[in-house]
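Asks: Counting from 8, one number per residue, gives the positions in the sequence shown under this note's numbering.
For the record, the hints were derived by calculation from the structure and aren't laboratory data.
Any given hint could turn out to be false.
To be verified - Between beta-carbon pairs, the in silico distance windows are:
(1) Lys264 to Trp398: 19 to 29 Å
(2) Trp217 to Arg690: 52 to 62 Å
(3) Asn606 to Asp218: 27 to 37 Å
(4) Arg339 to Asn606: 28 to 38 Å
Backbone N, C-alpha and C define an ideal beta-carbon position, used for all residues, glycine too.
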Amino acid sequence: MRKIIFLFTAFLLQCGWCFAQNHLKDSVELKNVTVIGKSKTQKLREGALSVNAIDVRSMISSLTNLNSLVDKTAGVKVREEGGVGSDFDLSINGMSGNSVRYFLDGVPLETKGSNVSLANLPINLIDHIEIYKGVVPTWLSTDALGGAVNIVTNRLRSNYLDVSYGIGSFHTHKADLNGQYLLKNGIIVRPTLGVNYSKNNYMMKGVEVWDEVSRQYLNADRRRFHDDYFSLLGQLEVGVANTSWADAFFVSASYTKTNKDIQTGTLQSKVIGMADRKSDAWNLSAHYRKNHFLTENLNANFSLSHTWDASLTTDTAYRKYNWDGDYIVSSRNEITGRARSMRHYKRPLTVARADLNYVFGHQQDAEENTGKNHHSLNFSYSLNRTGNNRWDEVDNSFEASNDVLAKHILGLAYNQSLLNERMYNTLFVKDYVNHLNIEQTDIASVTGSRDVMGSTTNNHFGYGVGSRFQIIEPLSVKASFEHSVRLPLARELLGNGTTIYANVALKPESSNNINVGFFGSLKNDDHTFSYEVNGFLRQVDNYIQPTVSEKEGTMQYTNVPAVHIKGIEAEVRYDWQQRLQLLGNISWQDTRDRQRYKNDGKPSVTYNNHVPNRPWLFATTEARYSFHNLFESTDRLILGLDYQWVHWFFLSWEGYGALDTKARIPEKNDVGVSATYSWHQNRYNISVECSNLLDKTLYDNYKLQKPGRAVFAKFRVMLL
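Produce the entire structure from the sequences given, and follow the hints as far as they go.
Replies: Written out as structure tokens, the structure reads:
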């Protein structure tokens, strides 16, 4: 199967070369010129920074969740720990986990609740997705080290109602609603609703079960039995747009709820049958945006948000389960092997953001792209304050505490567009201020809490530059650099109360991120061929890495003093008459521990090892074909085929134990097919998708088994 990827990519490159020859020949004979405007996503890809931009609206009728879409882009890999609602790890150019930050219209996604993610966000809400690699623009006001994902919502100017419902394997249901209604007095009302449910009772293949006849453990297939998942997100926005005092002013209220059974620890050999986790989050926020704010050339964007986020993890059964669903009475709880617990966490979150952009000269020239040189200055500020009030209802030995994590991030950037927009440059500086107030002292030998108790404040600086230059129409080059800092999150410092231990002694990560690449496209009336190749280097100090305890099935975040990441990625796209779309990409990422000696002066066993539990070579191919006017003049049928391949990788450090007996996450070969039919000018849509078509045994994160073959059907109505 691997050969298919390289043959397909070579085929696309050959098509591009032949097309380029014809294109150059035709350009000599061309008499008339047709100017075609570039889409938002195309403009982002052609900027100075390394960005993947994905148009969601064009494929919204067939999407199940955003994870499956993002996972198919170059340099990005999403690894899920199970079925619907499972935890997942998203990596960008080898940096993953909490090194990647998520935003909704430039505001941290966590403001909607700590359990809201790409996997359960309502699809109908989304217009496009921006994935920044390594170097993150100042206006996002974040301390992301590996990159950032900004989800941009749909903002139509008319009344509409977008409703969809889907049903699939393993008792999976998904319903989304998004709409807008304009009142006569100018008030705009935007409701949003998203509901997900699944039993996730898929077959676990080859798990160990006890056989009474042979009196030994044998491999067998068993269904998951304690993995129900339910999520709800409801939001109401009310505001005005295009008034004399505001281009947009909206106040929103949202509520999210998540109930999740816990089936396994971080290893599937540990079976859990009773423990569960429930969470609720309320959010109130306000957003104000105004061009020509106070003065003609100043644009302003302000937001304020507060979230009441609470979770309860219940682990009161003294039982030890197996994959048959049977159990024996134990003297310890299921998750941590300690006393019964009903662990409460309240994590109130306050986020305040300000973004000011001043355009030198005539702003109208810049907005209308008249060809003049453009210069602008951007200032951004964000406050992110998280509380951590925790207590336990039944475990008297647990020490309650109320910790505080607060960070202030300031950014200043100078941007310029030169040579009739053939060159674009950006230079920026950032200041990261981190404030901690730690009260917890439990399990000090594991969490390091006694060493860092009390209040501390630290300051860190970052800076960077980016540049893009168009040599000729089909060839542009870009390069960017950033010295960045990432402050540990509450999840890393304070754990999650279940499967993750706290480590309050974690140090911030810092990294020098370098990106160099070239890209271009060739077009004529019927054909479009585009390509992009990027190389990157990350030199990370105090790399934060999750470490798995195979004995307990838990994990803890720890610092690896020095990690170097280098890699290259390439992607090619081909479109014929907006009927046939082909895509192929491949990514190679080499992530290694570069600490030669340990703190005691002895040689490190893991020196130059690949960082474990990280894929290092993977590829994707996709093909889509559209049939038009089958039964009416405005209908369309789209057939799709995609294939993903991931090379095997080690679960733990290569230097520990014998290589031939080490646990590996095996090679992944995943084939999917889909069909979407739209009619009545895309008002009605029905789609059917089959993932893991060949019913392979697939693993992603921590060698946790993913679902087998699954079918999902979806019906969508868009009323304007």
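Asks: It remains to establish, for every hint, whether it holds in the given structure.
Replies: A quick look at each hint next to the structure:
1. Taking the beta carbon of each, Lys264 and Trp398 are about 21 Å apart, inside 19 to 29 Å as hinted.
2. A beta carbon spacing of about 56 Å between Trp217 and Arg690 agrees with the range 52 to 62 Å that was offered as a hint.
3. The hinted window of 27 to 37 Å between Asn606 and Asp218 is violated, with their beta carbons roughly 47 Å apart.
4. For the pair Arg339 and Asn606, the supplied restraint of 28 to 38 Å holds, since their beta-carbon distance comes to about 33 Å.
When the structure is compared with the earlier hints, a violation turns up for hint 3 alone.
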